[in-house]
Amino acid sequence: MDFLTIIQLLDSTVRLATPLLLACLAGLFSERAGIFDIGLEGKMLMAAFFSAAVAAVTGNVWLGLLAGIGSSLLLAGLHGVASITFRGNQLISGVAINFLAAGMTVLIAQDWFQQGGRTPSLIGGGRFTPINLPFAESLSGVPVLGPVYAELLSGHSILVYIAFLAVPATWWVLFRTRFGLRLRAVGENPAAVDTAGVSVVGLRYAAVLICGLLCGIAGAYLATALQAGFVKDMTAGRGFIALAALIFAKWRPWHAMGACLLFGLLQAIALRFQNIELGGITIPVQAMDALPYVLTVVILAGFVGKAIPPRAGGEPYVKER
Amino acid sequence: MDKMPKWADVVLIPLISLFLAAILSALVILGIGEDPVAAVKLMVDGALGSTYGWGYTLYYATNFMFTGLAVAIAAHAGLFNIGGEGQAMLGGLGVALVCLLIPWPHWTLALVFAALGAGLFGAAWAAIPAYLQAKRGSHIVITTIMFNFIAAAVLNYVLVNLLRPEGSMDPATARFPEAVHLPSLHELLAPIGIEFSKSAPANVSLLVAVGACLFVWLLIWRTPLGYEIRSLGKSEPGARYAGISSVRTIMIAMLISGALAGMMAVNNVMGEAERLVLNATEGAGFIGIAVALMGRNHPFGVFLAAILFGFLYQGGAELALWTSIPRELIVVIQALVILFTGALDNMVRMPLERIFLMMRKGQN
Chain A
-2 MDFLTIIQLL
8 DSTVRLATPL
18 LLACLAGLFS
28 ERAGIFDIGL
38 EGKMLMAAFF
48 SAAVAAVTGN
58 VWLGLLAGIG
68 SSLLLAGLHG
78 VASITFRGNQ
88 LISGVAINFL
98 AAGMTVLIAQ
108 DWFQQGGRTP
118 SLIGGGRFTP
128 INLPFAESLS
138 GVPVLGPVYA
148 ELLSGHSILV
158 YIAFLAVPAT
168 WWVLFRTRFG
178 LRLRAVGENP
188 AAVDTAGVSV
198 VGLRYAAVLI
208 CGLLCGIAGA
218 YLATALQAGF
228 VKDMTAGRGF
238 IALAALIFAK
248 WRPWHAMGAC
258 LLFGLLQAIA
268 LRFQNIELGG
278 ITIPVQAMDA
288 LPYVLTVVIL
298 AGFVGKAIPP
308 RAGGEPYVKE
318 R
Chain B
1477 MDKMPKWADV
1487 VLIPLISLFL
1497 AAILSALVIL
1507 GIGEDPVAAV
1517 KLMVDGALGS
1527 TYGWGYTLYY
1537 ATNFMFTGLA
1547 VAIAAHAGLF
1557 NIGGEGQAML
1567 GGLGVALVCL
1577 LIPWPHWTLA
1587 LVFAALGAGL
1597 FGAAWAAIPA
1607 YLQAKRGSHI
1617 VITTIMFNFI
1627 AAAVLNYVLV
1637 NLLRPEGSMD
1647 PATARFPEAV
1657 HLPSLHELLA
1667 PIGIEFSKSA
1677 PANVSLLVAV
1687 GACLFVWLLI
1697 WRTPLGYEIR
1707 SLGKSEPGAR
1717 YAGISSVRTI
1727 MIAMLISGAL
1737 AGMMAVNNVM
1747 GEAERLVLNA
1757 TEGAGFIGIA
1767 VALMGRNHPF
1777 GVFLAAILFG
1787 FLYQGGAELA
1797 LWTSIPRELI
1807 VVIQALVILF
1817 TGALDNMVRM
1827 PLERIFLMMR
1837 KGQN
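Each protein sequence line maps, in turn, to chains A and B. Mapping to the working numbering: the first sequence position 300 is 297, numbers consecutive. Mapping to the working numbering: the second sequence position 3 is 1479, numbers consecutive.
Be aware that a few hints might be false.
Label-pair distances were calculated between CB atoms; the ranges are [what the hints assert, rightly or not]: (1) L60/A - R1612/B: 46 to 52 Å; (2) G113/A - V1520/B: 22 to 28 Å; (3) V1520/B - D108/A: 19 to 25 Å; (4) L130/A - L1797/B: 52 to 58 Å.
Computed footprint of chain B on chain A; a stretch qualifies when at least three of its residues, placed anywhere within it, have a C-beta under 8 Å from a C-beta of chain B [unchecked claim]: (5) 83 to 94; (6) 236 to 246.
Short, incomplete list of chain A residues facing chain B, as computed with Cβ under 10 Å [as the list claims (entries may be wrong)]: (7) G100; (8) D108; (9) G143; (10) A298; (11) G299.
Worth flagging that the hints you see were computed from the coordinates, not collected in a lab. By construction, the Cβ of each residue, glycine as well, lies at the ideal position given by its N, Cα and C atoms.
For reference, chain A alone in the conformation it holds in the complex (with noise of 0.2 Å):
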């Protein structure tokens, strides 16, 4: 493998890794305050019809940005009407959520467009463009540094640079402020954070709307960006590695970040190299597909570091009286 492989394989994962990435901090801090959400892929699917629904008809992909986020948090309020108001059982309410993105999205797309569920291609306006950064061109020369600025830094759409500025922003939220204190809180004992005279469903709401904010960027990431429009099923469970990847990172952000690379890579590989020759065994292509999950369930089974959720995670909370 040459240099230029290694960095076009990388430039990849770093594509692939950012939907990935974006879901899993909405994960974070949904799980974080105590809502468990395995409905992140169905927020993802929702926002990426939508988002490529609009940039499709008005050719504007920020109209489609903001669509794609305003269905994500539909999806999010549900969740926590069900799981917070009605103090019903967060699980199911993520199955049923992951359900209903995946019908909803084809129906309307079939109304809509009469494309056999999916949306007409993106193009020109309708898209997320890439973005050069300053001088990427005339660096591409230098060496070593030279491509890896231009091909693997540079070049990249801006919900990608996003995505990789929430981590650090996500980090200060939780940790350096007193809201991120609180919602920390609120998952791992909520009735000290209700004692004090912090609003528990306020926080738990607050949270569950930064997950369907968060989960709506990846989609429209996943439809605008990624691919050029919405085909049926697209999300094709990376809901479900951002949430392995959030249970292998143990609910931190930076470890989340290095979590959402290694199973990006993972993916970047998966799609270059079919079956892999590694010192005479062939590693056929499905065992990286499920690599992700193996891992985590290592994780989880703490053979390996053991994963602990927040305390108070999949619980209701129901004010003493």
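Please build the complex by placing chain B on the supplied structure of chain A, with the hints as guidance.
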């Protein structure tokens, strides 16, 4: 004292939830510019109007009975087995191996061993998440989700690289031999003079599924093991003080759950396709969740809910055939049923409890 009579809990709440889901589905149909009344008519005609329709409805219902029971029995132990899909996929592998590797003299014998193989493979796939939950406290929902994806990758590998017949491009096994062909309802009912559609896929596995419903009922409410499972589901500390081993009970409940999900393959792999194809389960493992919620985890409820979903599936296929409503409408209905009977249960329950309390006060 209970806030509500039992019948309200068992019958009224699911019916109201179903009603709400139906209204929203009708609004969705209206929204995409179709007539809900005509759609329902078409679904009823297509799914229940002929023995052909019934044959498909019952075929789907058979799948859902197995996966619904799988979710239900795990739920009694307080576990959410979301991995029915993966367990059913592995069950398919078990069936395929039993049917392809051993020359069976007669389908009855093959059915028994195929069911065993399917159950064994399904149970094995549930065993690891069960062990991790019981021994190491890893959340079973997450591990079973992960195992669904791992199952898909394993099956993909096995079908593409190992079981695909030479020269075939299709990632599927060879056709099963003629001897393991399961009699369809047409072949079963013809000798006693009942005319049933020849081309419908419902087959003898339906009886196995009904037997499984009966078995689960006996197990849950008529055996000590069932008592232990239910105690664990109600309260883990309570069960522990009563001397019930939670590790053992979780393991057994999940193994039975996985085996039931796996046994679905007898119907769809052996009874219908007669070979193992990629994505043979077609999401039936997930529909089991809706079926179990709808049926309130009771085998008889699961039986009824499975038939309801069989009807929806066949009716949805007819809709997709004759109107511009895509099949995904069924996914939406399924989502709404899960939402209302599962996650938004309290939304229906709280006002109802208030009404019953008021009625009781009025009487006194």
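How the hints compare with the structure:
The hinted window of 46 to 52 Å between L60/A and R1612/B holds, with their beta carbons roughly 48 Å apart. With their beta carbons about 27 Å apart, G113/A and V1520/B fall inside the hinted range of 22 to 28 Å. For the pair V1520/B and D108/A, the beta carbons lie near 23 Å from each other, so the given range of 19 to 25 Å is met. The given range of 52 to 58 Å is respected by L130/A and L1797/B, whose C-beta atoms sit roughly 53 Å from each other.
Evaluation of the coverage hint for the stretch 83 to 94 of chain A: fulfilled, as 11 residues show C-beta separations to chain B shorter than 8 Å, against a requirement of three. Taking a C-beta to C-beta cut-off of 8 Å, the stretch 236 to 246 of chain A contributes 4 residues in contact with chain B, enough for the three needed, and the coverage statement holds. Satisfaction of the interface hint for G100/A is found here, the shortest Cβ-Cβ separation to chain B being roughly 3 Å, below the 10 Å cut-off. Hint on D108/A holds. Least Cβ distance to chain B is approximately 4 Å, under the 10 Å limit.
A hinted interface residue such as G143/A counts as satisfied when its beta carbon comes closer than 10 Å to some beta carbon of chain B; here the least separation is about 38 Å, so the hint is violated. For A298/A, the shortest C-beta to C-beta distance to chain B is roughly 5 Å, which falls under 10 Å, so the interface hint holds. The interface hint given for G299/A holds, since its Cβ lies 5 Å from the closest Cβ of chain B, which is under the 10 Å cut-off.
The earlier numbered hint that this structure contradicts is number 9, and it is the only one.
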